Each structure stands twice: as C-alpha cells, then as structure tokens.
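**Q** The hints should help you fit chain B onto chain A, whose structure is shown.
Taken in sequence, the protein lines are chains A and B. Heads up: the first sequence begins at 1 in the working numbering, then just goes up one per residue. Heads up: the second sequence begins at 1 in the working numbering, then just goes up one per residue.
One thing to keep in mind: the hints can contain errors.
Claimed, not checked - One-sided excerpt, in silico: chain B residues whose CB lies under 7 Å from chain A: (1) A39; (2) Q51; (3) Q106; (4) V243; (5) A246; (6) R247.
Hints in this document: simulated from the structure, not taken from any laboratory. Note that this is a predicted model, so its numbers are computed, not measured. Just so you know, even glycine gets a beta-carbon here, dropped at the ideal spot from N, CA and C.
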Amino acid sequence: MKFDHIIIRYGEISTKKRNRKSFVDKLKNHIRWALRDFKAAKLTASRERMYIILNGEDHQKIIEQIKGVYGIQSLSPALKIGRDIEEIKTAALYYIDQLSGEIETFKVSTKRSDKDFPYDTNEMNHLLGGHLLRNKDGILKVDVKNPDLDLRVEVRKEAVYLSGENIHGAGGLPFGSSGKAMLMLSGGIDSPVAGFLSMKRGLEIECIHFYSPPFTSERSKQKVMDLAEKLALVNGSMKVHIVPFTEIQMLIQKQIPENYTMTSTRRLMLRIADAIREKEEALAIITGESLGQVASQTMNSMFAINEVISTPVLRPLIAMDKLEIIELAKQYDTFEISNQPYEDCCTVFTPASPKTKPKLEKVQYYESFVDFDKLIADAVEQTEIQKIRFGEKATGEGQLEDLF
Amino acid sequence: MIYFDNSATTKPYPEVLDSFIKVSTEYFGNPSSLHGLGAKAESLLTQARRQVADLLHVKSAEIYFTSGGTEGNNLAVKGIAHAYSKRGKHIITTVMEHASIKETCQLLEEEGFDITYLQVDSNGFVSVEDLKNALRTDTILVSVMSVNNEVGSIQPIVEIGHLLKEYPQVLFHVDHVQGIGKVPLDIATAGIDLCTISGHKFHGLKGTGVLYVRDGIRVSPLFTGGNQEAKLRSGTENVAGFVALARALRLTLQKSAQDYGKLIEIRDMLLNGLNEITGVKINSPLHGAPHIINFSIPGIKSEVFIHALEEKEIYVSTTSACSSKKKSISDTVLAMFHDQKRADSVIRISTSYENELYEVEFVLQEIKNTLLKLQKVMR
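Next up, chain A with everything else stripped away, as it sits in the complex (with noise of 0.2 Å):
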C-alpha cells in the first residue's frame, strides 16, 4: 500500500481572476524548487488544485519540504488501491493510523465515478465506517456534522483512491506574484523577518546593505550574506547590493550636529535604496521598522525620514513586539545570525543621545550646506551585487572541508 499522490489546494489565489495563470506557473515554480531532492516526483495541475504524483517518493518527507512554500492553502496526501473491498477496508485503517494529528470523530464520503462497482456509495460508507469502528474501538467516533477527519472514498474505473487529511501550507502569495521590492539588510534581528513576511505575500525581493569599512568589519558582510542565504529558502537564491557607505557616514559626522547624524544617515541610505530600487525597477522598499523601538523608529523619525522620497515603504513589523518579532526569527532560523555581536551599519556611529523627536525643517536645514547628489550618485555607481544560493556558505565556512 503506497501513497499516490498530494493533492495541493492554493486559498487566495483561486480569486484572482486575470493574473491566476501567472500566479500558477510561479507557485509551480516554487514547488519544484521545493521538490529538488526528490527526483521521482511530478507535478501537475489543473484549474483548482495541483497534484504531487510521489512515483515511489516519501509523502511525509514531501509534506515537510512544501508545506512552507508561499501560496499554498492546504495538502492532502492520497492512498491509490485496487478495487477490492477488503483491500480498501485495511487502507482505510492504514490512512487513519498514519494521520499526522490525532482524531476523535469521523465519517467517510465515497463518490462513485464507476457505476458497476459492486457496492453503491452509502453501503461503501457504511461497510468502512464500520470497519473502523471495530478496530478503533472506544477512540474514533462517527460525526457526520462536523468530523475531524473526512475520510473520502473515489471508486474509479482505474483504482480507488483514499484522502481526506487536511494539512495546513503556509498559505500567502506565490512568490514574485505582488511584484519586487528592495529590503533593507542591516544584519539585525528585524530586517530579515520582515523580508520573510513579505515574500509570504508574495513580493520578490532584494537586499540592500550598507557596509562601511573599516568601521564595520568583514564579518558584519558576512552576516548579511548569511542572513541573505537563509531568506535564499524560498526562491532558491537571493541577491545583496552591497553599497560602499563609509565616505558619506564620514561627511555626515563632519557637517551634521552630533544629535541629528542618525536622522540624516538614515535619510541618505533611504535615498540611496530608492535609486538602486530605480534602477532594478521594484516598486517598494521595506524595512524592518517597529514603531518606537529605537530613536529611529518613532513616528516624529520616521516622518522626517521618509520625507526624502515618495516610493511605498513597506514595514510589515511596525506593530509587532521585540518578543515576537525574535520569536519569528527563530522560526525563520536566522535569529542565531542576527545576534552575533559585530557592529553594523546602525550601531556604528550611533550618537550618545540621538533626537527622538528630529524636526523635519532642521534636518533639511543642515544637510543643505552639503551636497550629497554626487556622492549618492557614486555609491549607487559603486554597489556591488552578490548573489548568493541557498545552501551556499558565505562565511569562508566549507572552503576548508577537508579539516573535517
């Protein structure tokens, strides 16, 4: 007895009319991506749904791997038998044994497509219910109303076949399926989740760091290359702009008042994501922003910061708590990462007493006795992409394999 196939139902996008057939070949994509280790299986679809046919492949081992690719409603994996009765009777006790949560109710629906199949569908109901019943004595119970598991039956011409489980995805959007954005990578705990939470609705996305050497050192790259390899999970690869940031950081420490430097340098790096956004033509840029929690992040900031451009900024964590955005970085496994001690991009430089309340017309006010068009331009100029592959180690980490 083996499982055939998992059927694969996706939630949101079935109501999106005219983009669906885009949304279904990225999804599609996305679950061979998923799949790549197991070569046997194949994947198909049809209007509604998608089907996993196993060939011979571990369903359970499949489940695990697609269950957090975007997009995805729910799973069912499906028995494939012959017809004959007590052949479905024990698959029926097998499908309920390998069930992934226990049940206490149950009933069984069978539809028949085969007309000349010797037993009509309430007898097949009734023959397996009872067969369960027997031998789950005392555990399953029958509730036709609202059963934990609805066990369905489909007598073909070919063979029958048995399903029922539902098996949550990760629901969301297929990614790429809401266009590109720029995510701002400083290294910290929040950026990274915040790109995790925007792919699930759907957004293809790119990271921009800052990196200012020597006042942060290589290691803080590397970091952010690592962070890129884990969000590199769901599309298979991720690119980093790598943007040189040390000449401006310096200029601003020189002509801006000590109080009023985060303000500006935030302004600048946002200048500077919305070129590179420009020239990668995404729509959006996002940060991993939450309102209030450092001097950054108040609102009077966040207003005098986001007056330098017009693209959305998208801060899916603006409302979220320390404690849950850290509790979904461990979900996402970058939360070891992120908490590694280098300085970054944020923390260098970072005034003893930086404006919590910075006034729009002031920060205007002294950054227009510098002129920094020429030297966003040259660090736009300047950035170098890396691209890295999930799986792939950035930190030097396997280039000396052969000590282990």
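**A** Relative to the frame of chain A, chain B by itself:
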C-alpha cells in the same frame, strides 16, 4: 602491539592529528580577535560546532565545547545544582558512576545537597522502578551514565527519559562518554537535557569534549572570565582540538555504521574464549556494550596479570583507568556481585573499530598461557 584498552583512551586517528596540526599552525588566531585571523578561527569553531550538532542530531547552539568528560560531568552536575538550587536540593544518581560524577556529588553533599545513589543488580543495571520511587518533589537532577566504563552495562536511558518526561521539573543528565560511537543514543528524542562526551574516547585528542545542553536550560558556569562558549565556559577556545574532535566524531560514526558487526564478532569471540578458560568469571552482562569485556580471575591480583600480559605487548586494564592507580578493587564489580575476591581481580578489555579478529585469537592464547604460569606461582 595489541591495544585493548580503548575505554581508557584511544589512539588518535592520523587524519585527526593532521587537522590539529594544520589548524594550530595556519589558523592559530583567537576566535575572539576582531581581525581576519580571528575571524577564520571563529569560522572554524562555528563549523566544528555545526558538524558535531549535525552528527548528534541537535542544534548548534546546544553544543558546548569543554576539556573532556570530567569537565563535562562537573559542569553538568554542579552547573545544574547551583542554577536550580532554589527549586530543590535533591539529586539522584547511581552507585556505578564515573568518579567525576561520584566525587562531585559527594562535594555537593557537603554543600547541603541530598544525593540518592541507586543500586544496581548483578547485571549492572539500575531499575527504572527504583528511580521512580526515589523521585521527590525537591528532585532537580537525575544523572545516569549510558554505558558503564568498567563492565559495559547499558542503562535504560530511553526508558528513564520517558519516565522523566512526566516530571518536567527534573532535569536529566547522561554521561555518554563510553557510549558515543559504540552504543546508539538519540539525544534529542530520548528526553535528555544534558549529555557529556569526550574527544579522546573516540580517537580525538585529550583535552577536548562536548557538553550538550538542551535549549532553554540554565547552567551555572565553573569558570568565569571572557564569557566564551555563550558564557558557559570562559577561556580561549581550543579551536584546533575542537576541529579535531568534530573530525574524529564523523570518522567514528562512519566506522560505527560500517564495522559494528566486527565489534560484535570480536566481543563474542572473546566471551566464548574466556568462558572456556577455567577460573575465569565474566563480569560483563550478556547484553552489554559491544566494546567492553570485563572478567575476574579470583585468586590472581589484577595488577600482576596486567603486567604479565604487557610483556607480550598486550595492553588491557584493571578497573577504570581513572581510579586504577589508587586501589585495585572495583567498586562496580563489588556492587554487582558483592564478592571481594572477584572485585579484587578484575581485568577489562575494551576494543574499538581499529581492532581486528586475529588479535583476539592471539590475546586469548596469551591469557591462557599467563594464567597457567601465574597459577603455578600464586597457589
């Protein structure tokens, strides 16, 4: 030379020594240094930690490098006792633990902790029932070794872990120093909270070890200082040693997957051969670890026998190496059989995947010869 004392220590694999020398010469930086050399050393340490974690099927952050079994056991028992003393002051262990547990517990007794020492039966096993009865509301820790270092009895670790899942306030430490690579144990699913292993018992180097500490458990450190190893063990990391340990662990687990059958064959051949020799009493339990064979020759002092075999370049041991210099009597064998003469004449053979079947034949023959010679003299 026939080396049959692998539970005392093992000969480092040549590959392991290569790694140690290469890391020591080329990547000698301090992992805490900010420059590139430091970064390289740190990256090697991270990689070693990840490899050990992967091999043990646990998380990287749960692996703490130590100097070996004794430190691991001290850190686990004292660390838990001191971190959780507000919760209770009762600890349960067994009468046949390694000295690094036994002595540590005795020290804690002086500090006001209450220790229960579980008895073992004639097979060297503790009973889960006894353990259950010994549990109290103020019990904070149970520490049981997976494989006894003297006779090789395998304790019911999985069952104990299962029982203790019902007592979430009781933490479970396993001294797995003798078991690693020889007796399979899945740390993560067995309900184990802390687990000690030591590098030199699986062809790594002396002065290296690992303490597994499950995520979320507080352990109070033995050393304070530079806060290395996530504050649990201050002191500059022995990067070369830990890279060597990671490699030794990989090689050992690989050999264990390939050569487990050989180890069993060697044990069976030894047991059968020893059983045929009159005057020899086997102390190891029938279903014990595959690499430890313990026997007594009542009437003949173990030390004499050891030296007699040594003349033939056969290296075996009396009791555990750690206590064999102080006294020749084996507490473990005494606890199992309550027989002074038997405990006084204990010989332990301990093998590894590096031993071969032909060595067994030779050793058995020499044991017979030596016995004949000594029995004439020592009547």
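**Q** Against this structure, judge whether each hint is valid.
**A** Checked hints:
Proximity of A39 (chain B) to chain A holds as hinted, the smallest CB-CB distance being about 5 Å (cut-off 7 Å). Interface hint status for Q51 (chain B): upheld, as the beta-carbon distance to the closest one in chain A is roughly 6 Å, under 7 Å. At a threshold of 7 Å, the smallest CB-CB gap from Q106 (chain B) to chain A is about 38 Å, leaving the interface hint violated. The beta carbon of V243 (chain B) is positioned within 7 Å of a beta carbon in chain A (closest approach about 6 Å), and the interface hint is therefore held.
The criterion of a C-beta within 7 Å of any C-beta in chain A is met by A246 (chain B), whose closest approach is roughly 6 Å, and the hint holds. Among the interface hints, the one on R247 (chain B) holds; its C-beta lies about 5 Å from the nearest C-beta in chain A, closer than the 7 Å criterion.
When each numbered hint is compared with the structure, a violation occurs for hint 3 only.
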